[in-house]
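K.L.:
Protein sequence lines correspond, in order, to chains A and B.
For reference, each letter of the first sequence is one residue, going 1 to 639 in my numbering.
For reference, each letter of the second sequence is one residue, going 1 to 464 in my numbering.
Be aware that a few hints might be false.
Claimed, not checked - Heads up, simulated EDC-like pairs for lysine to aspartate or glutamate below, C-alpha to C-alpha not over 16 Å straight-line:
id	chain 1	residue 1	chain 2	residue 2
1	B	K56	A	E137
2	A	K152	B	E49
3	A	K399	A	D417
4	B	K55	A	E155
If you're looking for bench data, these hints aren't it; they were derived computationally from the structure.
As the structure is a computational prediction, the values presented were derived from the model and not from experiment.
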Amino acid sequence: MSALSESINGDGGASVDPTMQIDIADQALSPELLQRLIAFCRKNNLQQTEEALAREAGLTQGNAPGGLIQNEKIMADFASFLNNIEGAYDVLQAELSLLLFPVFAHSYLKLLFDVSPSMARTFYERFHLRIPRAYEEQVIELSRCTFPEIAKDNELVQLLKSQHFTIRISKTCNAQLDQFIQRNATLRTIMKERIMVENTDLLSKNRLAVEWQMGGLLGHPSLKEQKKHKVLYAVAREDSPYVDKRKLKTKESKDKKREQMVPTADRIPLPLSDVLRLERVQMQKEASTRMTYVNADHPPSICCFTALNAGSGVSSCDVSDDTSIIALGMGDSVISLYAVDETKQLKQLKEADELDKIDLETEPELLRDLIYDDASACKTRTLGGHSGPVYSLNFDPCKRLLISSAADSTIRLWSVDTFRNVVVHRLSRPVWDVKFCSRGFYFCTGGADRTATVWSTDRVHPLRIFPDCYGHVTCVDYHPNCNYIAGGSDDRYVRLWDVLSGACVRTFSGHKTGIRGIKVSPCGRYIVSIGGDGALCVWDIATQRMIAAETRTMPTIMASIQFTREGDTFAVSHGTSSITLYSLEALIRNHGHQDNSIFEPKINPDGFQIFHYPTKTTPVVGLHWTRRNLLLGIGSFMQ
Amino acid sequence: MAVFHGPSVSADAIYDVDRIKLFAETIGIAGGSSEEKITHQAYNLLAEELTEIMKKIIIDANKYQIHGRHSMMKVADLEQACIDRTIKLPMGYVLHEEKELRAITNSSGSDLYVHEESDIEINQVLQSTSKFPPPVRFRCHWLAHEGEIHPVSENLVPYKDVSIEVEDQKPAKKIIARRDTAKILQGNGPWSLYCTLSRDIPHQENVAIRPLPPASLSVEKQAYLKSVMEACVGAHDPLRVAALHSLETDTGLQDALPILSNIIKTGIAANVVQRCLSLLIYLVRVIRSLSLNKSLVLEPVLHQLLPSLLTCCIGQSLCGRPETDNHWALRDFASKTLVILVNGHVKDLPSTRQRVIRSLRRVFEDKNCSYAMIYGTVLPLSDLMSAKEKAELYPRFNELIEECRLISSGQQIDPHELRFMPGSREEAGRLLSVLMKQMEPMMRSMRPGIITYPVEHTRRMNIF
C-alpha cells in the first residue's frame, strides 16, 4: 500500500513522506502521477486547485483512472460526496441523502470484491454511521459480508448487483447532482452502472417526507412503469352491502366519478353462487336493522375470546363472516373449529345415500335443516392433516370451505360441511398467508417462495403467479372488487397486482422493515399496512402515494387489521397484548385532499388513532367485526 | 431496533479463529507441521462463513417464530430453519424432570442412589378418565363495553389518575387547624392537646355485621331453650347430661340456633374476661353437642361459634390460677370440638377453613406465644392441614420439640436463657407430650427425602 493511501486511510493526518515528494519532483508527469496529485487535492479539499490541475493537464472526464489508484479513490470519492451533500442547500440535502445508501453499498462492494476485505472494513467503519437510519438493516447485512465469498452468497448483494437501484428526485436536485458527478469518478461509474434516477415533479417539502420514501431494498419503485397501468379501484355496489346510507345522500355528485373506477363485471369471471346470494341478502337485512357505527364519538364494544390450555400456541385464527364459527390454527398442526353460538352447533352433512332420499322440492329454508345430521352436532371439531404449525386460515364468504396453510408447505382446502380435507396443494416452501376472495371461488396466497399466487377452488394449478417480490410475501389481501391482490413482503414494498393481466400495477415504498400485515379498505381505494417495527402506513391507490404513517406503536409479531363493516374505522392488533382503533374516515376528511404537486405524508396525525385497549397477558392473534360492528378479539393466554 | 455491529472478525463472530482451529485439530485435519497445514486465512474465512450461516439460520428461525405468532423463539423454529438449509438436525438435549432417588443400602455401608424406573401400565393410562393434555377451551369476556374497559379480572383496568379537587376553603381550614395546634403546643397541657388533635381524626367504623334477625320463637321453644341453657350451665350433672343429649339429638333446633349461638358467644366472651373455667367448659360442651347434631346447619352462625372456640383453644389466660386449674382440659376439648366443627360444617367454605388454619398457624409460629397457647393449636393444625402445609410447619415443629425437651428434662439451663422461654417446665412437658403424639402422623404424611428426620431425638425419647 502506498504512502498516499495510508495517509487517506489512516487517521487523516496530512503528513506526506518527504522522500515521496522528492520522487514526485524527479518524475515526469505521467497520467498515474496526475491521478495521485488530483486524489491528494481532493483529499485535502482543494477543489479549485484540483479542477485547475485537471483542466491544465487536459484530463477529460471519461478518462479511466489507473488500477491501484482507483481503489484508493473510492474512499476519497465517497468522503467528498458526503462533503458535497453537506454543503448543499437544506432542501436538496434531504433529497440527495436518498443516494447515500446505494453509493455506500456499491462502494463497499467494489472495495470488497476488487481490493481487499480489510479495505472494505475500514470503509465501512468510517462511513456506516452516516447512512440514514431507514437503511440500518441493510447496512448491517452488508457488514456481515466480510469476505467476497460470503458476499456472493448474500441475497442483498446479489440483488444490488443484478438490479438498478432507483431513486426519484426533483429536477433541481438532479442538476445539483450532475455537478457532483462531474468531479467524482467513482460516483460517476456507480451512477452509470447501478443507479437509475427518475425525475419527478412531486416536491418533497421536508426531510420527513423524504425519509418516508426510504427503506425499499431497491429504492423507489419506478413511477414510469406504474403510470402504464390504470387501477380500477372502486367497488361495485353489489359487492359492498354495508354502505352507509347517510353518506349516499351527501355524495351523489362524487358517485359518477366513482362509477368510472369500477371494473366491469366481466373483467374477470366472478361466479356468484346461490348460497352466497342468500348470505348477502341476510347480511343486508342484518346491516339495515341492527348495525352500530364505530367512530371517535361512538366507542366500540370489544369481546375477547381467550384460548386457554393452548400449550403449543395459537398460530392463526379466523372467524366466519356471520360469526358462527371460530377456527384456530394450532402450533401442533391441528385446526380446531368452535361454534360461537351454543344453540347452533357444528353439524355434519348426512351421508350420500341418505341425502338422495331427501325430496328436493321442499322449501330451501327447510332443506337446509334436512341435509344436516343432527346426531353429529357438537361444539368443537378438530381437523387433522397438517404436519406443522398452521400459519394461516380463512373461511370462504359462505363458510362452506376453509383454507389453511402450514409449515409443511401445503395448502389444504377443508369442507366445513363434512369436516374433511378436500384438496391438498403441496408446494416447495411454506405459505405464510391465504385469503379468500370476497365472492369465494378464488383465493390468493403469499409464501416463502417469494411469490403471491392466485388459485381457484376447482383447479389444481395456480391461475396466476406474481414473482415480483425480492423477499418472502408475508401477507396478502384480496381487493374487495376481486380484481386485484395486495401483498406485503419482507423486501419492504407493498404491492398491488392485477389478477387479469398478472402485472404489478402499484408498488409503494416507505416501510423500514418487512411488512407484517396488510388490508385493503372496503371502499377499495386505500391500503393499510404494518411493518415489523410497528409503523402503520396508509397508502392511496388513486394518487399512488402515502397519506399518513403512525409510528407510536410497538414492535409487531404478525399484525391483524380489520375494517368495520361500513369501512370508516379499522382495528389493529400487533400480535401483542393490545387492540388499537384508527379512524380512516377522519384521516381522509382532514388530510385526504392533498396538493398534487407536493408530497407530504402526515406522521402521527391527530384524530387518527382513536382508541387503545390493552389486554392483560393475552396477545391478540386475530380480530373480527361482527355484522353489527361488535369487535371480537381472539387471543391465546400467555403465548 | 438493531444495533450497529462492526464487521470485524472478532467483534460479533459466533465462531472465532481459535475455535475453528480447535475443531480442525479435533478431527485431525489441522495438519500440524506438514505442508498441508491450513492457513490462518482459511481459518478466518471458515470462521466468518460459519458465523454467517449461524446468523442466517437464526434470521430464518425468526421468520418461523413470527409467523407462528410466538413471542419467543422455539426449538421447532430453529429445527425448521435447519431443515430448510438441509442441515441435519442437531441432537437435542431433553431435560428430564428430576425424579426421586431411591437409596439402596450396600453391604459395605455406603448407600447407592438410583432412579426408580418402573414399567408403565398402558391399560391404566388408557382407562384413566382424565384427558391429557387438557383440551383448548375459550374464555369469553368483555374487553371494553361502549369504550369503557370492563372491570373484570381478565382485563388490565387502567390506573385512573384520581385528582383530588382541592377546594379553596380546605387548605385555609387546614392552615387554621395547624395554627391552633401550634398554639396548644405552646401553652396547654397534654390532655387538651390530645383532645384537640383527636378531634379531626375520623372515627374508625367497625365492619358492620348484620345482626341476626330476632326469630319469633314459640313460647314452648322459649321455655325449652331457657331450661336447656340453665341445665347446661347449672350445677346438676345428670340434668346437664340430659340437656346436652337433647341438644345433640333434637331435630327442631334450627330456628332457635341464632339465639343459642348468641348466648354462647356472649357467654364465652364474658367468662373469658371473668376467667371462669368451668362455665367455659360447659359452653364448649354446648357447642360440641350442637356440632354433633346432624339436623342442624351451622353455617349461618359460624361467625359466632368459630371465634369463641378459637378463644378457648388459644386463649392466653383461661383461668384464675394456671398452675393448678386444669385449663389444658378445656384447650383439649375445645380443639377437638373445633376439628369436628370445621370438618363437619365448613366443607363448602374452603376460605373459612383456611382462615381458621391461618389464625392457628399464626399462633403456632409466633415465638412470643406461651406454650399453653401453642398447646391448643397442635391438634387442630395436625388434623386440619394437608400434608403439604404440614411440611411447611416442620422446622417450627422441630424447634418446639427441642425447646420443650430442653426445659422439661430439667437440665441446668442458663437462667438468662430461660427468661426468654415462654413457659414453665410443666407447660413445656405438656406441650412436648402433645407434640410427640402428633409426631408420628406428621412423619407419616411427609414424603421421605424432603426433610431430615430427627432420629437422635426420637431415639432418646424412646418413642419408637
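K.L.:
With reference to the structure, classify each hint as holding or not holding.
P.N.:
We went through each hint and held it up to the structure:
1. B/K56 - A/E137: Distance of about 14 Å is within 16 Å: holds.
2. A/K152 - B/E49: Holds, at about 12 Å.
3. A/K399 - A/D417: Distance of about 9 Å is within 16 Å: holds.
4. B/K55 - A/E155: 14 Å, holds
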